[in-house]
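Chemist: Start from chain A and add chain B with the ligands according to the hints.
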Amino acid sequence: MSKKILLEHINVPGINTLAVYREKGGYASVEKALKTMAPDAIVEEVKKSGLRGRGGAGFPTGMKWSFLAKPEGVARYLVCNADESEPGTFKDRYLMEKIPHLLIEGMITSSFALGANSSYIYVRGEYFYIIKILEKAIADAYEAGWLGKNILGTGYDLDLYVQAGAGAYICGEETALLESLEGKRGNPRIKPPFPAIAGLYGCPTVVNNVETIAAVVPIVNNGGDWYAGIGIGKSTGTKLISASGHINKPGVYEIEMGITVEDFIYSEEYCGGIKNGKKLKAVVAGGSSVPILPAEMILTTASGEKRLMSYESLADGGFATGTMLGSGGFIVMDETTSIVQNLHTFARFYHHESCGQCSPCREGTGWMEKILHKILDGHGTIQDVDLLWEIQRKIEGNTICPLGDAAAWPVASAIRHFRHEFEEYVKNPAVIKEVKHYHNMHNLATA
Amino acid sequence: MAKVTIDGQTIEVADGTTILQAARMIGPEVAPPTMCYYSKLKTSGGYCRTCLVEVSKGSEKDPRPMPKLVASCRTTIMDGMEVKNVTSEKVIDARKGVVEFLLLNHPLDCPICDQAGECQLQDLGYEHGSAKTRTDFERRTFDKINIGNKIQLHMTRCILCYRCVKVAEQITDGRVHGVMNRGDASEISTYIEQAIENDFSGNVIDVCPVGALTDKTFRFKSRVWFTKPVDAHRDCDKCCGKVVIWYKGEDVLRVTGRKDQWGEVEEFICNTCRFDKKSTSDWTIEAPTAISHQSVISANHYEKMVRPKELTLNNIKPIALTEGDNK
Ligand SMILES: Cc1cc2nc3c(=O)[nH]c(=O)nc-3n(C[C@H](O)[C@H](O)[C@H](O)COP(=O)(O)O)c2cc1C
Ligand code: SF4
Ligand code: SF4
Ligand code: FES
Chain A
5 MSKKILLEHI NVPGINTLAV YREKGGYASV EKALKTMAPD AIVEEVKKSG LRGRGGAGFP
65 TGMKWSFLAK PEGVARYLVC NADESEPGTF KDRYLMEKIP HLLIEGMITS SFALGANSSY
125 IYVRGEYFYI IKILEKAIAD AYEAGWLGKN ILGTGYDLDL YVQAGAGAYI CGEETALLES
185 LEGKRGNPRI KPPFPAIAGL YGCPTVVNNV ETIAAVVPIV NNGGDWYAGI GIGKSTGTKL
245 ISASGHINKP GVYEIEMGIT VEDFIYSEEY CGGIKNGKKL KAVVAGGSSV PILPAEMILT
305 TASGEKRLMS YESLADGGFA TGTMLGSGGF IVMDETTSIV QNLHTFARFY HHESCGQCSP
365 CREGTGWMEK ILHKILDGHG TIQDVDLLWE IQRKIEGNTI CPLGDAAAWP VASAIRHFRH
425 EFEEYVKNPA VIKEVKHYHN MHNLATA
Chain B
70 MAKVTIDGQT IEVADGTTIL QAARMIGPEV APPTMCYYSK LKTSGGYCRT CLVEVSKGSE
130 KDPRPMPKLV ASCRTTIMDG MEVKNVTSEK VIDARKGVVE FLLLNHPLDC PICDQAGECQ
190 LQDLGYEHGS AKTRTDFERR TFDKINIGNK IQLHMTRCIL CYRCVKVAEQ ITDGRVHGVM
250 NRGDASEIST YIEQAIENDF SGNVIDVCPV GALTDKTFRF KSRVWFTKPV DAHRDCDKCC
310 GKVVIWYKGE DVLRVTGRKD QWGEVEEFIC NTCRFDKKST SDWTIEAPTA ISHQSVISAN
370 HYEKMVRPKE LTLNNIKPIA LTEGDNK
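In order, the protein sequences belong to chains A and B. When we follow the numbering used here, the leftmost residue of the first sequence carries the number 5, and every step to the right adds one. When we follow the numbering used here, the leftmost residue of the second sequence carries the number 70, and every step to the right adds one.
Bound conformation, chain A alone (with noise of 0.2 Å):
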């Protein structure tokens, strides 16, 4: 079931350039938005499509548009969230580096739906050589007069503008991310008022992921209609999944949402099965930030079909069974992966990267490494487990924005479903100095 949408062009040589992106089409949603559209019928082809936000939290596209707010006289802004660092994710950066103009005509069309007549991409600064990229396609467009002043000579005017970031995580989250573009430290914004009320300087604001503001183009091309066709249920169109682990093909593939999660791990197309024949262990199927599950839960729902790669089949049982579909991080375990090693990780993670404002989140990402580290030093006792699991749960929900739950969440769902291997570390502290692999330890432990 491969369908290419973003990714069609993606391997034609040359597709990065100006010239050959408008060969194959190119620009198309620009012009058809400009002439002959007012942005309002945008907004409601985008609502058509059923298009949710590929950043994390998969709020409908067009829903949230319809939201900004349109006082007289006053500046709208588009944002692109380019800031890319939830770990596992790894999608957008193979977009804009390959095929730079799908998301600078994103941009323009979208930005005319809004009514933004300057707009912005946050670029992750490590993606420092992909900044280059932007700003070479922006200037060529500025040339060929997709961007300034009286655009195809419709009297719409946009500038749109690089920003590189500083490599903080939480300058993902938009309202952080808005407070970094304004030359601030990235702290969240205690919501509301949203930025589609008050955003940049204070401007209504909307803050889109790039693969979510790429997929504009087709929609405003072939219609809302058409895109609502694809996918399964409220998960319209394709998702692009960033496959990384145990697999034999890791790599960013565009999925039409709806396969299997079993065809997506197994067939050749796709992530082509488990290196070296091992088994599969577990799946964080949507960046480090959702619950992890373990391989039967991955494969099968609580209802007892087979998982589809959508919004709602990943969550279906809820967090008992249930994860979620993200940013569409899919991180792959086999066997061998000791989930507390990795548990450990990520929490290291959350704590170096919690901004610090509100208190659980900035005192309990940093106790719950402080934990792990001991558990995995030899030094854990049962009484750890059970405490690490009160701490993420007070966590949760409780903090200003969802970095904490973020934090919270892998810690639930691997005690949740691994507490035995939690407890094999704790009772057996004296093997697993030694060992550098779940499996090891286990057979050393048994032995």
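Note that these hints are calculated values from the structure, not bench results. A portion of the hints provided could be inaccurate.
In silico EDC-like pairs for lysine to aspartate or glutamate, Cα to Cα no more than 20 Å straight-line [said to hold, decoys possible]:
#  : chain 1 : residue 1 : chain 2 : residue 2
1  : B       : Lys201    : A       : Glu394
2  : B       : Lys165    : A       : Glu101
3  : B       : Lys297    : B       : Asp284
4  : B       : Lys235    : A       : Glu394
5  : B       : Lys165    : B       : Glu196
6  : B       : Lys72     : B       : Glu98
7  : A       : Lys279    : A       : Glu266
8  : B       : Lys137    : A       : Asp409
9  : A       : Lys374    : B       : Asp284
10 : B       : Lys297    : B       : Glu319
11 : A       : Lys102    : A       : Glu27
12 : A       : Lys188    : B       : Glu256
13 : B       : Lys159    : A       : Glu130
14 : B       : Lys235    : A       : Glu183
15 : B       : Lys111    : B       : Glu333
16 : B       : Lys235    : B       : Glu335
17 : A       : Lys195    : B       : Asp84
18 : A       : Lys188    : B       : Glu98
19 : A       : Lys374    : B       : Glu207
20 : B       : Lys165    : A       : Asp409
21 : A       : Lys378    : B       : Asp205
22 : B       : Lys111    : A       : Asp388
23 : A       : Lys188    : B       : Glu238
24 : B       : Lys137    : A       : Glu394
25 : A       : Lys140    : A       : Glu101
26 : B       : Lys201    : A       : Asp388
27 : A       : Lys283    : A       : Glu339
28 : A       : Lys378    : B       : Glu207
29 : B       : Lys159    : A       : Glu394
Modeler: Only chain B with the ligands this time, still in chain A's reference frame:
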């Protein structure tokens, strides 16, 4: 106007009022505790999460409960909203968690801390926390920093409530202090130890809920409960001149702003009043400061002490040893 019910008590308040403000209007029995909110500082609140409450009914129009607990200091009420503070098990549980987090990296050196007797974190710990901590990891420590020659910062005790940052931002000009670093490595910094030389910088001491920012002219001269607070004023061309002066014997040990029922200063005072006016002749004395008799500061002040009437020594009867013994 909008109607809001908090722990079963209903009040009508102006639109735009926050849950916390409405709760404070009803009274302390329903008012959530606050560590970072400060009514005299704009955009304060939202950080510490001690004031989390459950909104069990969103409004008359949309009666659905809110999915998460909300920070009452930053959430405005809607007509018909119903809020649970102490009547919510979820809130009690979350608050206990927040207190534990706040105490996690706080040194709990109450016996030697200069804020003893005036520490909001200590009160919070008693009222909403748990007596024991479940951490045995080393707490973070920092070197002390002098902010000018009158103020000392001991970050080790700081709970990152941002109040002093808001003071610096809003009532002094040329801000030279803020927060550096991230997460639990965050620290209040004076940007390479630049002093705040502003006339109103001393107010960071009054707003600090813990013993992180202290008055060097007072530090360790006395425990507060050995001092006697007196309301006084003077003609000041910079501030309201209304203060509390703290006596030990004949000596004025300290001058602070006057605090309201919620522990917040009524009006900010200038550094001249705070640091330089340390003799009785500088002031017009009004009256002893009214102090709640529950406060530790009232320990040596008997003005308002009311003896319980119900129980006198002669009324005490021996406890029944076995049933029917004490007829
Ligand atoms: C801690 C944190 C980090 C985030 N990082 C990113 C990111 O790197 N890229 C992204 O597009 N969205 C990220 N998000 C989600 C954004 O806040 C926001 O929901 C998204 O950019 C909206 O775009 P969409 O509606 O197109 O998904 C992050 C959220 C949080 C809480
Ligand atoms: S949850 Fe964490 S990252 Fe988000 S505002 Fe609070 S401290 Fe900062
Ligand atoms: S020094 Fe005091 S006022 Fe400033 S952030 Fe820390 S605890 Fe709050
Ligand atoms: S007082 Fe409301 S969050 Fe701190």
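Chemist: A separate judgement is required for each hint: does it hold in the structure or not?
Modeler: Do the hints match the structure? See the list:
For the hint linking B/Lys201 to A/Glu394, the alpha-carbon distance of about 15 Å falls within 20 Å, and the restraint holds. Only pairs whose Cα atoms come within 20 Å are accepted, and B/Lys165 paired with A/Glu101 is rejected, the gap being roughly 48 Å. Taken as a hint, the B/Lys297 and B/Asp284 pair is honoured in the structure, with Cα atoms around 17 Å apart against an allowance of 20 Å. This hinted pair does not check out: B/Lys235 and A/Glu394 have alpha carbons roughly 33 Å apart, beyond 20 Å.
Note on B/Lys165 and B/Glu196: the hinted pairing holds, with a Cα-Cα distance of about 10 Å set against a maximum of 20 Å. Pair hint B/Lys72 plus B/Glu98 holds up; C-alpha atoms about 18 Å apart against a cutoff of 20 Å. For the hint linking A/Lys279 to A/Glu266, the alpha-carbon distance of about 15 Å falls within 20 Å, and the restraint holds. For the proposed pair B/Lys137 and A/Asp409, the alpha carbon gap of about 12 Å is at most 20 Å, so the pair holds.
Annotation: proposed proximity of A/Lys374 to B/Asp284 is violated, straight-line Cα distance about 35 Å (limit 20 Å). Straight-line distance between C-alpha atoms of B/Lys297 and B/Glu319 comes to about 10 Å, which keeps the hinted pair within the 20 Å bound. With a C-alpha separation of about 16 Å, the suggested pair A/Lys102 and A/Glu27 falls inside the 20 Å cut-off, and the hint holds. Annotation: proposed proximity of A/Lys188 to B/Glu256 holds, straight-line Cα distance about 17 Å (limit 20 Å).
In summary, the hint linking B/Lys159 to A/Glu130 is not supported, as the alpha carbons are separated by about 41 Å, beyond the 20 Å threshold. The straight-line distance between the Cα atoms of B/Lys235 and A/Glu183 is roughly 17 Å, inside the 20 Å bound, and the hint therefore holds. Annotation: proposed proximity of B/Lys111 to B/Glu333 holds, straight-line Cα distance about 13 Å (limit 20 Å). Straight-line distance between C-alpha atoms of B/Lys235 and B/Glu335 comes to about 16 Å, which keeps the hinted pair within the 20 Å bound.
Of the pairs offered as hints, the one joining A/Lys195 and B/Asp84 holds, with about 18 Å between alpha carbons and a cut-off of 20 Å not exceeded. Using a Cα cut-off of 20 Å, the hinted pair A/Lys188 and B/Glu98 is violated, with the two alpha carbons roughly 39 Å apart. Distance check on the hinted pair: A/Lys374 and B/Glu207 sit about 10 Å apart at the alpha-carbon level, within 20 Å; holds. Under the criterion of a C-alpha separation no larger than 20 Å, the hint pairing B/Lys165 with A/Asp409 is consistent with the structure, at around 18 Å.
Of the supplied pair hints, the one linking A/Lys378 and B/Asp205 holds, its CA atoms being roughly 11 Å apart against a limit of 20 Å. Restraint check for B/Lys111 and A/Asp388: the C-alpha separation of about 41 Å exceeds 20 Å, so the hint is violated. Using a Cα cut-off of 20 Å, the hinted pair A/Lys188 and B/Glu238 holds, with the two alpha carbons roughly 14 Å apart. Under the criterion of a C-alpha separation no larger than 20 Å, the hint pairing B/Lys137 with A/Glu394 is consistent with the structure, at around 18 Å.
Among the hinted pairs, A/Lys140 with A/Glu101 is consistent with the structure: their alpha-carbon atoms are about 11 Å apart, no more than 20 Å. A distance of roughly 15 Å separates the Cα atoms of B/Lys201 and A/Asp388; the hinted pair therefore holds under the 20 Å criterion. Restraint check for A/Lys283 and A/Glu339: satisfied, since their Cα atoms lie roughly 5 Å apart, inside the 20 Å limit. Restraint check: the Cα-Cα separation between A/Lys378 and B/Glu207 comes to about 13 Å, which is no more than 20 Å; the hinted pair holds.
Annotation: proposed proximity of B/Lys159 to A/Glu394 holds, straight-line Cα distance about 14 Å (limit 20 Å).
The structure does not agree with the numbered hints 2, 4, 9, 13, 18 and 22 stated previously, though it agrees with the rest.
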